[in-house]
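Chain order of the listed sequences is A and B. Quick note on numbering: my numbering labels position 79 of the first sequence as 79, and the sequence is numbered without any gaps. Quick note on numbering: my numbering labels position 56 of the second sequence as 56, and the sequence is numbered without any gaps.
These are computed hints drawn from the structure, not numbers from a lab. No residue lacks a Cβ here, since even glycine has one placed at the ideal position from N, Cα and C. Don't take each hint at face value.
[As the list claims (entries may be wrong)] Computed cross-link-like contacts, DSBU-like style, restricted to lysine-lysine with a CA-CA straight-line distance of at most 35 Å:
1) K70(A) <-> K56(A)
2) K71(B) <-> K57(B)
3) K67(A) <-> K57(B)
4) K57(B) <-> K56(A)
5) K57(B) <-> K70(A)
6) K57(B) <-> K68(A)
7) K71(B) <-> K14(B)
[Unchecked claim] Simulated DEER-style distance windows between Cβ atoms:
8) Q80(A) <-> N18(B): 16 to 26 Å
9) D69(A) <-> G16(B): 42 to 52 Å
10) N18(B) <-> R13(A): 45 to 55 Å
11) E83(B) <-> D69(A): 32 to 42 Å
12) P8(B) <-> P111(A): 13 to 23 Å
13) Q44(A) <-> L60(B): 18 to 28 Å
14) R22(B) <-> D69(A): 37 to 47 Å
15) K56(A) <-> K57(B): 25 to 35 Å
16) T76(B) <-> A41(A): 15 to 25 Å
17) Q108(A) <-> G98(B): 34 to 44 Å
18) G3(B) <-> Q57(A): 35 to 45 Å
19) L61(A) <-> R64(B): 18 to 28 Å
20) G40(B) <-> T25(A): 15 to 25 Å
21) M55(A) <-> S58(B): 29 to 39 Å
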Amino acid sequence: GEDVEQSLFLSVREGDSSVINCTYTDSSSTYLYWYKQEPGAGLQLLTYIFSNMDMKQDQRLTVLLNKKDKHLSLRIADTQTGDSAIYFCAENRGGRRALTFGSGTRLQVQP
Amino acid sequence: DTGVSQDPRHKITKRGQNVTFRCDPISEHNRLYWYRQTLGQGPEFLTYFQNEAQLEKSRLLSDRFSAERPKGSFSTLEIQRTEQGDSAMYLCASSPRGALRDEQFFGPGTRLTVL
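Same shape as in the complex, but just chain B (with noise of 0.2 Å):
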C-alpha cells in the first residue's frame, strides 16, 4: 500500500496524558498537513510541512499542541496535557512536490478520545 499512513488508528487517553500520532506520508511527497475533524464538521486546517520546515500553523494549534518533521519524511503530532476537547480524527495529508493544485491525498486518520 503506498497510500499515506498513520499510526495509530485509533487512542484513548486520559485527561491530563500526552499522545503522540504518527503520519508516514506518500514517498517523495514533500508537503505535509495535519487536519483535525471532528464528529459532523470538515476538516479543520492545523499545520503544514514543506519537506522538514514548518510553513504554517492555525490559531487551532495551541501551545500544548507540537508537530514535527524531523527528517522530511514521516511526521508527529503531539498532543500534551489532553482536554476532553481534544478528542476528534486526527488526519494526515500529503501532496506532490511542484503541484500547483494542491491535491492533496489523506490517511485514514487517528481517533482520539480523551476521557
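For reference, chain A alone in the conformation it holds in the complex (with noise of 0.2 Å):
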C-alpha cells in the first residue's frame, strides 16, 4: 500500500465528527473503497465511491471523493466509543480486482 497514503493516527472526543483522509495516485481506478479493522477482527467494507462521484452519504458516514488533487476522505458524524478501529482506504487500480490499500489511520474515540 505505499502508494496510497493515510496518516496514522486521529484522536476525537465521543460526539465529534471524524475526518481519516487519504491521498492515492492511480486516476484509472474505478472505485474508491473504506475498510473498518476492529482488533482481533476482519476487514469490514463500510462504504464505497465511484470515481465519477463528488460525494456519497449513508447514515452517518460521507465520503467526499477529489478527483483532480487524488483525494479522498471519510466522515464519520456524531463518533462513538464503538468507532474506535483501524480505516483502511484501498483503491483498485486500472480497474483491476484486486485492491492496493494504505496503511491504515488508527482512530481513537475519547469518551
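Join these two chains into a complex; the hints should help.
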C-alpha cells in the first residue's frame, strides 16, 4: 500500500465528527473503498464511492472524492466509542480486481 | 454463519516447514482473493481466482507460495520452506458473481508465526 497514503492516527472525543484522509495515485481506479478493522477481527467494508462521484452519504458516513487532487476522505458524524478501529482506504487500480490498501488510520474515540 | 471462514486461525511453525491454509468463501461467490497483512500495514494482494481459474498473481507470490481452488469453491494457500519473513496475517476475501464494484468480504484471517 505504499502508494496509497493515510495519516497514522486520529483522536477525537465522543460525539464529535471524525475526518480520515487518504491520497491515492492512480486516476484510473474505478472505485474507492473504506474498510474498518477492529482488533482481532477481519476487514469490514464500510462504504465505497464510484470514481465519477464527488460525494456519497450513508447514514453517519460521508465520503468525499476530489479526483483532481486524488484525495479521498471519510467523515464519521457523531463518533461513538464503537467507532474506535483502524480505517483503511483502498483502490482498484486500472479497474483490476486486486485492491491496493493504504497503511491505515487508527481512530481513537475518547469518552 | 454465512461469512468467509478461514482455518486455522493461528499457526506457529518452525522455519523450513511447509504450511497450508484453507479458505471457504461465501456460498455462490465466484471470486476469491488472498491478501497478506503485516503489523502496522494494510493488506497486500497476493492472488485472485474466478471460479477455479487463477487469474492474477502478485510479484509478492514467490515460488514458495502456491494457491489452488480446484472446484471453484474453497481455496488453499500453501507456503513451502517457510521463512521468518513469512510471518503475517493471511486474509481471504470473496466477492459475488457479476459485481461491477468489487465488494470484497473478508474472513478473519490466519495468523502465521514462523520461529
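Hints versus structure:
no., hint, in the structure
1, K70(A) <-> K56(A), "holds, 16 Å"
2, K71(B) <-> K57(B), "holds, 19 Å"
3, K67(A) <-> K57(B), "holds, 28 Å"
4, K57(B) <-> K56(A), "holds, 32 Å"
5, K57(B) <-> K70(A), "holds, 26 Å"
6, K57(B) <-> K68(A), "holds, 31 Å"
7, K71(B) <-> K14(B), "holds, 31 Å"
8, Q80(A) <-> N18(B): 16 to 26 Å, "violated, 44 Å"
9, D69(A) <-> G16(B): 42 to 52 Å, "holds, 48 Å"
10, N18(B) <-> R13(A): 45 to 55 Å, "holds, 50 Å"
11, E83(B) <-> D69(A): 32 to 42 Å, "holds, 40 Å"
12, P8(B) <-> P111(A): 13 to 23 Å, "violated, 36 Å"
13, Q44(A) <-> L60(B): 18 to 28 Å, "holds, 24 Å"
14, R22(B) <-> D69(A): 37 to 47 Å, "holds, 42 Å"
15, K56(A) <-> K57(B): 25 to 35 Å, "holds, 32 Å"
16, T76(B) <-> A41(A): 15 to 25 Å, "holds, 23 Å"
17, Q108(A) <-> G98(B): 34 to 44 Å, "holds, 39 Å"
18, G3(B) <-> Q57(A): 35 to 45 Å, "violated, 27 Å"
19, L61(A) <-> R64(B): 18 to 28 Å, "violated, 40 Å"
20, G40(B) <-> T25(A): 15 to 25 Å, "holds, 21 Å"
21, M55(A) <-> S58(B): 29 to 39 Å, "holds, 32 Å"
In summary, the structure is inconsistent with hints 8, 12, 18, 19 from the numbered list given earlier, while agreeing with the others.
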